Amino acid sequence: MESLEQIRERLLARFPDAALTVIANPGPAGQPSLLVGSPHAASIAAFLRDDPALRLDYCSNVTGVDWPDREVVETIKRTVPPPPPAAPADPSAPPVTPKVIEEKVKRHIPGYFEVVYHLYSMALKHGPVILRTRTADRTDPASLPSLTPIWRACEFQEREVYDLFGIRFTGHPDLRRILMWDEFKDYPMRKDYVEPDDYEWEPTPHGAVLDKARRHYPAPPESR
Amino acid sequence: MLGTGLLQGLAVTAKNLVGSFHDPERYVTMEYPEVKTKLPENYRNFPFLVHDDPKDPLGSLRCVACTICETECPPQCIYIVMDRDEKGKALKRPKVFDIDISVCMSCQICVEVCPFDAIKMDQHYEIAETNRFQGLLLSREQLSKSNAYYHQLHPTEAAAVDALLAEQKAKQAAAKAAKAAPAAKPPAPAAPAANPPPPPAPSAEAPKPPTPPAP
Amino acid sequence: MTSPAAPSSFPSGLPSSPGAHVRAVHDDFHGDLLEVSMGPHHPSTHGVFRMIVTLDGERIVRLKPVFGYLHRNHEKLGEQTTYLASMPYTDRLDYLNSMTNNWAYAIAVEKLAGQAVPERAEYVRVILAELTRLLNHTCLAGFLLQDTGCSGTPLMYAFREREKILDLFESLSGSRMMCNFQRFGGCRLDPTPEWLAAVRQLVDGYGRFLDEFEALISGNEIVMARTQGTGVLTPALAISAGVTGPMLRATGVDYDLRKVDGYGVYPRFEFRVPLGAHGDTYDRYMIRILEMRESIQILRQALRDLPAGPILDPKAKNRGFRPKPGEAYGRIEGPKGEIGFYLISDGSPNPFRYRVRPPSFVNLTILEDMCLGQTVADAVIILGSIDIVLGEVDR
Numbered sequence: 001m002e003s004l005e006q007i008r009e010r011l012l013a014r015f016p017d018a019a020l021t022v023i024a025n026p027g028p029a030g031q032p033s034l035l036v037g038s039p040h041a042a043s044i045a046a047f048l049r050d051d052p053a054l055r056l057d058y059c060s061n062v063t064g065v066d067w068p069d070r071e072v073v074e075t076i077k078r079t080v081p082p083p084p085p086a087a088p089a090d091p092s093a094p095p096v097t098p099k100v101i102e103e104k105v106k107r108h109i110p111g112y113f114e115v116v117y118h119l120y121s122m123a124l125k126h127g128p129v130i131l132r133t134r135t136a137d138r139t140d141p142a143s144l145p146s147l148t149p150i151w152r153a154c155e156f157q158e159r160e161v162y163d164l165f166g167i168r169f170t171g172h173p174d175l176r177r178i179l180m181w182d183e184f185k186d187y188p189m190r191k192d193y194v195e196p197d198d199y200e201w202e203p204t205p206h207g208a209v210l211d212k213a214r215r216h217y218p219a220p221p222e223s224r
Numbered sequence: 225m226l227g228t229g230l231l232q233g234l235a236v237t238a239k240n241l242v243g244s245f246h247d248p249e250r251y252v253t254m255e256y257p258e259v260k261t262k263l264p265e266n267y268r269n270f271p272f273l274v275h276d277d278p279k280d281p282l283g284s285l286r287c288v289a290c291t292i293c294e295t296e297c298p299p300q301c302i303y304i305v306m307d308r309d310e311k312g313k314a315l316k317r318p319k320v321f322d323i324d325i326s327v328c329m330s331c332q333i334c335v336e337v338c339p340f341d342a343i344k345m346d347q348h349y350e351i352a353e354t355n356r357f358q359g360l361l362l363s364r365e366q367l368s369k370s371n372a373y374y375h376q377l378h379p380t381e382a383a384a385v386d387a388l389l390a391e392q393k394a395k396q397a398a399a400k401a402a403k404a405a406p407a408a409k410p411p412a413p414a415a416p417a418a419n420p421p422p423p424p425a426p427s428a429e430a431p432k433p434p435t436p437p438a439p
Numbered sequence: 440m441t442s443p444a445a446p447s448s449f450p451s452g453l454p455s456s457p458g459a460h461v462r463a464v465h466d467d468f469h470g471d472l473l474e475v476s477m478g479p480h481h482p483s484t485h486g487v488f489r490m491i492v493t494l495d496g497e498r499i500v501r502l503k504p505v506f507g508y509l510h511r512n513h514e515k516l517g518e519q520t521t522y523l524a525s526m527p528y529t530d531r532l533d534y535l536n537s538m539t540n541n542w543a544y545a546i547a548v549e550k551l552a553g554q555a556v557p558e559r560a561e562y563v564r565v566i567l568a569e570l571t572r573l574l575n576h577t578c579l580a581g582f583l584l585q586d587t588g589c590s591g592t593p594l595m596y597a598f599r600e601r602e603k604i605l606d607l608f609e610s611l612s613g614s615r616m617m618c619n620f621q622r623f624g625g626c627r628l629d630p631t632p633e634w635l636a637a638v639r640q641l642v643d644g645y646g647r648f649l650d651e652f653e654a655l656i657s658g659n660e661i662v663m664a665r666t667q668g669t670g671v672l673t674p675a676l677a678i679s680a681g682v683t684g685p686m687l688r689a690t691g692v693d694y695d696l697r698k699v700d701g702y703g704v705y706p707r708f709e710f711r712v713p714l715g716a717h718g719d720t721y722d723r724y725m726i727r728i729l730e731m732r733e734s735i736q737i738l739r740q741a742l743r744d745l746p747a748g749p750i751l752d753p754k755a756k757n758r759g760f761r762p763k764p765g766e767a768y769g770r771i772e773g774p775k776g777e778i779g780f781y782l783i784s785d786g787s788p789n790p791f792r793y794r795v796r797p798p799s800f801v802n803l804t805i806l807e808d809m810c811l812g813q814t815v816a817d818a819v820i821i822l823g824s825i826d827i828v829l830g831e832v833d834r
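Residue numbers (this note's numbering), protein chains in the order written: chain X, 1 to 224; chain B, 225 to 439; chain A, 440 to 834.
Calculated directly from the structure, the hints in this document are not laboratory data.
It is possible that part of the hints are untrue.
With a straight-line cut-off of 27 Å between C-alpha atoms, the simulated DSSO-like cross-links for lysine-lysine are [stated by the list, open to error]:
{"id": "1", "chain 1": "A", "residue 1": "LYS515", "chain 2": "X", "residue 2": "LYS185"}
{"id": "2", "chain 1": "X", "residue 1": "LYS77", "chain 2": "A", "residue 2": "LYS763"}
{"id": "3", "chain 1": "X", "residue 1": "LYS185", "chain 2": "A", "residue 2": "LYS503"}
{"id": "4", "chain 1": "A", "residue 1": "LYS603", "chain 2": "B", "residue 2": "LYS260"}
{"id": "5", "chain 1": "X", "residue 1": "LYS106", "chain 2": "A", "residue 2": "LYS763"}
{"id": "6", "chain 1": "X", "residue 1": "LYS104", "chain 2": "A", "residue 2": "LYS763"}
{"id": "7", "chain 1": "A", "residue 1": "LYS603", "chain 2": "B", "residue 2": "LYS262"}
{"id": "8", "chain 1": "B", "residue 1": "LYS239", "chain 2": "B", "residue 2": "LYS316"}
{"id": "9", "chain 1": "B", "residue 1": "LYS316", "chain 2": "B", "residue 2": "LYS369"}
{"id": "10", "chain 1": "A", "residue 1": "LYS763", "chain 2": "B", "residue 2": "LYS395"}
{"id": "11", "chain 1": "B", "residue 1": "LYS313", "chain 2": "B", "residue 2": "LYS239"}
{"id": "12", "chain 1": "A", "residue 1": "LYS515", "chain 2": "X", "residue 2": "LYS191"}
{"id": "13", "chain 1": "A", "residue 1": "LYS515", "chain 2": "A", "residue 2": "LYS763"}
{"id": "14", "chain 1": "B", "residue 1": "LYS319", "chain 2": "X", "residue 2": "LYS212"}
{"id": "15", "chain 1": "B", "residue 1": "LYS393", "chain 2": "A", "residue 2": "LYS756"}
{"id": "16", "chain 1": "A", "residue 1": "LYS698", "chain 2": "X", "residue 2": "LYS125"}
{"id": "17", "chain 1": "B", "residue 1": "LYS316", "chain 2": "B", "residue 2": "LYS400"}
{"id": "18", "chain 1": "B", "residue 1": "LYS319", "chain 2": "B", "residue 2": "LYS279"}
{"id": "19", "chain 1": "X", "residue 1": "LYS191", "chain 2": "A", "residue 2": "LYS763"}
{"id": "20", "chain 1": "A", "residue 1": "LYS603", "chain 2": "B", "residue 2": "LYS239"}
{"id": "21", "chain 1": "A", "residue 1": "LYS754", "chain 2": "B", "residue 2": "LYS393"}
{"id": "22", "chain 1": "B", "residue 1": "LYS395", "chain 2": "A", "residue 2": "LYS754"}
{"id": "23", "chain 1": "X", "residue 1": "LYS212", "chain 2": "A", "residue 2": "LYS515"}
{"id": "24", "chain 1": "B", "residue 1": "LYS395", "chain 2": "B", "residue 2": "LYS316"}
{"id": "25", "chain 1": "X", "residue 1": "LYS125", "chain 2": "X", "residue 2": "LYS104"}
From a predicted model like this one, the values you see are computed outputs, not experimental measurements.
Excised from the complex, chain X in its bound form (with noise of 0.2 Å):
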């Protein structure tokens, strides 16, 4: 199978618009994969589905990701321009090399939701190709394109992405709530997600299911 950046030159002469970012894999499973912007998601599917060389027409996985925001410290080398001669040039004084300075940065990276598709080839038998598409931010409604109309595999996943993530699926036939009923409010699996108080008394002895035991229930006089 070709590699993922040979893949992307060839959708890229396809879809010249298209933003195509592949996003490597730091860790040693090597399985980097495509970032799409989401106005291509559907045809760019359609293509790697169709196209005799790749055949993708088996989407394995779909699911999401909740990246909420995040702090990176970047250590960045930074050139210092020199400072402008208070004087008019003078001819005779030395060159002022530019100072490299290092210094570390805090660079705040704005959360978003990811969709993450691994696709296989059942033809060809070969793959992963793992698509990736991304929201812009983590405010809601958050919504994606749905690729359910070219893989149907992606029907009861992306409904489960929906109901666990809140991530609205434009283009989807049936979303609904698919894991939790349908007056559910919250989405549990978002990192932000905070369980309601509705909390049931069983006597674990340790830990934060005690500190919640003890607030819906009057401590008893000491037993041990």
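With chain X's structure known, arrange chains B and A on it following the hints.
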């Protein structure tokens, strides 16, 4: 011919019916409370603590209250409080060791991670209780079982553990002897012992929340 | 004798449009459509599973599966505990096949951390996985025939054999169903020679059991009339819907991860991949019987070639395990289909993202398509032939 498949199947059931009277391969059920199966040696259900001295089941526990099992336990069903003397010095034994077997899922990870071979899996499975909460919360008194009991349950594994512990003990004794031999002449006190003991921390007694409230 | 096949007027790649072939009209002769809720507490649904069925007479014109009654957010639990502590939780996904769940998770973590596995452990994993396949398919054959109306007998015969395999699992891992046996970089314990001898004995006797089981039921005319032609699944729809495992191969698509990915030591064994021709319920039953026969072949070869050596990689670290940042998707051919784990590590002891790709959840996608135009009684056996376990569907 239509119906041969049916007749063939009926022949099989007839064979099994007759076979169940004389062939143990075909009569596999047991009348449970009267007859019990022999449990395999590796069978596990809930953990217990091993003690070495049957006369002092709580004092001779191998557990040193290091709380490794407490942190590794997937459903978080273990609760340990280290015993301390009046000065707040850790005594390397549990004051509280509770296992909530209504939460425990018998995964044996506590046994795997224990570096002291102090916690092992029991095979006692008739554990029905009338009290759902306190009845299934086992304290250290209920959990403490003798090494002989452990040998009875898992003979191969227990023999290996005993050999390992004896080896460690011999190694420690040898190291101590080697250390004592050159320094035998002046019984110089070790440096930390010369310092006065630290004052007992007021909160040292209860670093964790105490026992659970009764329902 | 057989009911008409599901209408194929829907484009195969797209979700079905309900009501496209409704005959009922509001008059005295035809009557109205009837909406029936099958389940969640119904013996035919293999757990707490509900189908909202819209009926036109006895024919199904719309079917919406409803599940999640067993949902405990397994993935969130996986993100809140360490890598090792998730291992016993994977037992509880598909509680019939804990050994393959363990293996799939171990493979994903090994990929994530670049952990090698000793050869002996790979062989032991194959032995355990194939025993699990025997166990699952035996159970399924029993359950499916129970659903068709063969009350008791085939199920009891199947359970008798299943119990023998569970006894082997118990004597090896300590538990019948919640084995918690695989570790990252090998297995927890080394099987003893006595255990391997017991497996050999079971494998030698299993072919006889299959012969007897097939004599009991495979040629039974009533079973054939009941299952042939019901719940037909086309290969194109199966591929598009991501159906995997015996369900897919019953439609004639040759896709077995043991051959395609060649994970573990599977490329060393000689075995065939049975394929169906019609994609109906009978094919799905027969595929499982044939796969069991191939599993016996694999087991024979694995037991013959089992090498000596360590069972756990000496460098393997299970406690305090922190893989480097990265992500990995690991998958194996479970008895129900492709079971995969997708993990993202941020370098902490807990996975940042822990995702299970459950085969029976994805295989349920096409339940409605297979049931349209069939009768209510057929829906029961079609669901039975998908082979779902609700612990895995609901997670």
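(Q) Flag every earlier hint the structure violates by its number, smallest first. (A) Numbers 8, 10, 11, 25 - these are the hints that the structure violates, sorted from lowest upward.
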